[in-house]
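> Assemble the whole structure, with the sequences as input and the hints as a guide.
Spelled out from the first residue to the last, the chains are:
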Amino acid sequence: MSAHAKPAPVDAPFWTPGVILLACLMATGFLFVVGRFTGGLGAVSNLSQTSPWGIWIGVDVATGVALAAGGFTTAALAHIFGREHYEAVTRPALLTAMLGYTFVSLGLFIDIGRSWAIWKPIFYWQTNSVLFEVAMCVVIYLHVLYIEFIPILAERFRQGVTFPGRRLWVLEDVIGGILNFLDRILDKIMWVFIILGVVLSCMHQSGLGSLLLIAPTKLHPLWYTPLLPLLFLLSAIAVGYPMVVFETTLTTKAMKLKDEMDILGPLTRFTIILLGIYLAVKLGDMAHRGTYVYLCDGSVQGKAFLVEVFFGVIVPWCMLLLPGVRRSRGWLFAASALVVCGVALNRVNVFLVGFQAPYAQQSYFPSVGELAITIGLISTLIFIYRICVKYLPVLSARRLEVSS
Amino acid sequence: MDITRRSFLGVAAAGLGSAVAGNAAKARGATPPKHAPDAYGCLVDLTLCVGCRKCELACNQVNQLPEPDTPFDDPRPLDTPRRPDEKAYTVVNRYFTGRLDERNALIPTYVKVQCMHCQDPACASACIVGALTKKENGAVHYDVSKCIGCRYCMIACPFQIPAYDYFDPLTPEVRKCTFCFERISKEGGRPGCADICPVEAITFGKRADILALARERITADPGRYIDHIYGEKEVGGTSWLYISREPFHKLGFLKLPHEAPPRLTETIQHGIFAYLWAPIALFGVLTAAMWGLNRKQITGEESPDQSENKEDAS
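In the order they appear, the protein sequences are chains V and X. Going by my numbering, the residue at position 282 of the first sequence is 282; the numbering climbs one at a time, nothing skipped. Going by my numbering, the residue at position 306 of the second sequence is 710; the numbering climbs one at a time, nothing skipped.
Be a bit skeptical, because a hint or two may be false.
With a straight-line cut-off of 20 Å between C-alpha atoms, the simulated DMTMM-like cross-links for lysine to aspartate or glutamate are [as the list claims (entries may be wrong)]:
{"hint": "1", "chain 1": "V", "residue 1": "303", "chain 2": "V", "residue 2": "285"}
{"hint": "2", "chain 1": "X", "residue 1": "700", "chain 2": "V", "residue 2": "187"}
{"hint": "3", "chain 1": "X", "residue 1": "700", "chain 2": "V", "residue 2": "87"}
{"hint": "4", "chain 1": "V", "residue 1": "120", "chain 2": "X", "residue 2": "547"}
{"hint": "5", "chain 1": "X", "residue 1": "610", "chain 2": "X", "residue 2": "547"}
{"hint": "6", "chain 1": "X", "residue 1": "700", "chain 2": "V", "residue 2": "84"}
{"hint": "7", "chain 1": "X", "residue 1": "491", "chain 2": "X", "residue 2": "572"}
{"hint": "8", "chain 1": "X", "residue 1": "550", "chain 2": "X", "residue 2": "604"}
{"hint": "9", "chain 1": "V", "residue 1": "120", "chain 2": "X", "residue 2": "577"}
{"hint": "10", "chain 1": "X", "residue 1": "700", "chain 2": "V", "residue 2": "11"}
It is worth saying that the hints were derived from the structure and are not from the lab.
Structure below.
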């Protein structure tokens, strides 16, 4: 008997105070979405002629994609490199990635001016455009993630679906039959999708970094480097496992499950190497281009870069070096949270803080509407995650026995 | 019946195949800058402009833009520097650089601002759907029917020119100077602003010709001009060129590198994605890794001890 049970639905109460709060945040965000589609982008956002991209791109899209990296990094570890010990975290990471990319698409749908035209890049190819590459990879990868998720649905609904209330015999059997059929086919060819998912992730994680290379005079020199695509890829790979630790700890804590430390601790040993490579390339690039002169010039950008690298990379890297940190649930969570925040801040720095348009009258700061929509989207994501782990076999951790 | 169906499928497959192949062919190799050799351009001689704002008026009428808050014959808007936006594709700004006339009054310099119509436009290279394109006649042209409103052109433009309709909820457009594309496409047609200018501060012609004209004027009267044709080399060259008596940095012009921004991004993109070699190579390497380290994922067979485990678990 292996240490971990098979993934199974978690029978925990659903409408906790936290979930009710999520629902309220979702409703608030939705109101502003209505405002955006009736009054235009200008009605709810602080976007301007000199700040065409705000937090919907910097946070919802760029950070969302980076933090979904747990999906492909765990798949590579457990399925490609055969480290089966980590099998237990692949499903929650896959679910996070699938929901993450779904919400990246939703964020883009709200952000682009002509939302109804979002399908056009599929037909009008512009292969010089970095954004075209990123969009294509995201579209294909989203479908790969859905395909990778089918076996989880099939496992749950193999016997047919039961809808609450009255039974709908035909529909239930048809859905069950389709899922079974797909599952049998996918069982043979899933390895193609697993590898494809990793390849697509590498392509567009780096592609996101290439996006701002078209604006050499606008992105602050602390971040503008031809290595930006590589740095985006390396940081995405480095943040994958810390993100898994981050969300697994939150989930197991919130749903009163076993802590999974026997997986999470060893998992972060890889992070020491991966985060170390990212740090080395980032510092080497800074030394090579001599951009350290901007670090202490008192500018917002200099401070933002220092915070990003010191608290987001160096401190958690040093923490993870200590075996004691990797064994302690609290410390491991803290170190992982720092890495996650560091990568998130890096994306925000590149897309917002470091982006300085000429002739700008004022610097960009998100409006209440932008924040409400972003928070609403994130809340919806967590809400659906919660539904999925309740009804689908995603988590392997078991509920703690109620101690008397 | 069967034959028709099969031939239909054949035609459909061939069509799809050639569409993919055609797109793939375009993806090969970094595309060279797209400007045609005899494209048009405009020379703005800042020593001639008197700030009458007639060009703004003409632009407004030609492009059917909304009426401005202050009429075009009112000089007051000159007091504060403006930028072209979604309601005005060109604006004239006034700068005092400190030069005095014989009565010790400050001499103004008027600067007309609009899209520079780059030779190798960053906006067009960035555009996700190819809604922005560099035309044979020199214009950087916007096709609203393709646009999705991602605003990457606004990120990319080194001159910060494209402006957006932020208050149109469903059909906003990117708006900028069109180089009067329709007008200059006709024989003898000139842009509205160049046509109306009463002091001939704007000269419309083939870019090569107006570049020669700019050099000629500088050489003929070196006291009147600084030796810099703005737009000759900036970001790979622009269709609109400026000559001036005052240094350009004092007149709101940006100091820009001579390399066009798309050269770096397109080199990276096509370097990695020519024939999709890098993704295919990565796929191969990972498949080999899986075959070596986790073969049962591919073959579906379990080694004896593992199948035992599985039964145990289930």
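> If a hint holds in the structure, say so; if it does not, say that too.
To see whether the hints hold, each was checked on the structure:
A C-alpha spacing of about 18 Å is found between residue 303 (chain V) and residue 285 (chain V), which places the hinted pair at or below 20 Å, so the restraint holds. Between residue 700 (chain X) and residue 187 (chain V), the direct Cα distance comes to roughly 11 Å. Compliance with the 20 Å bound is thereby established for this hinted pair. Distance restraint check for residue 700 (chain X) and residue 87 (chain V): the Cα-Cα separation of roughly 14 Å lies within the 20 Å cut-off, and the hinted pair is therefore satisfied. Restraint check for residue 120 (chain V) and residue 547 (chain X): the C-alpha separation of about 13 Å stays at or below 20 Å, so the hint holds.
In summary, the hint linking residue 610 (chain X) to residue 547 (chain X) is not supported, as the alpha carbons are separated by about 24 Å, beyond the 20 Å threshold. Restraint check: the Cα-Cα separation between residue 700 (chain X) and residue 84 (chain V) comes to about 12 Å, which is no more than 20 Å; the hinted pair holds. For the hint pairing residue 491 (chain X) with residue 572 (chain X), the CA-to-CA distance comes to about 13 Å; that is within 20 Å, so the pair holds. Distance check on the hinted pair: residue 550 (chain X) and residue 604 (chain X) sit about 36 Å apart at the alpha-carbon level, beyond 20 Å; violated.
This hinted pair checks out: residue 120 (chain V) and residue 577 (chain X) have alpha carbons roughly 15 Å apart, not beyond 20 Å. Pair hint residue 700 (chain X) plus residue 11 (chain V) does not hold up; C-alpha atoms about 33 Å apart against a cutoff of 20 Å.
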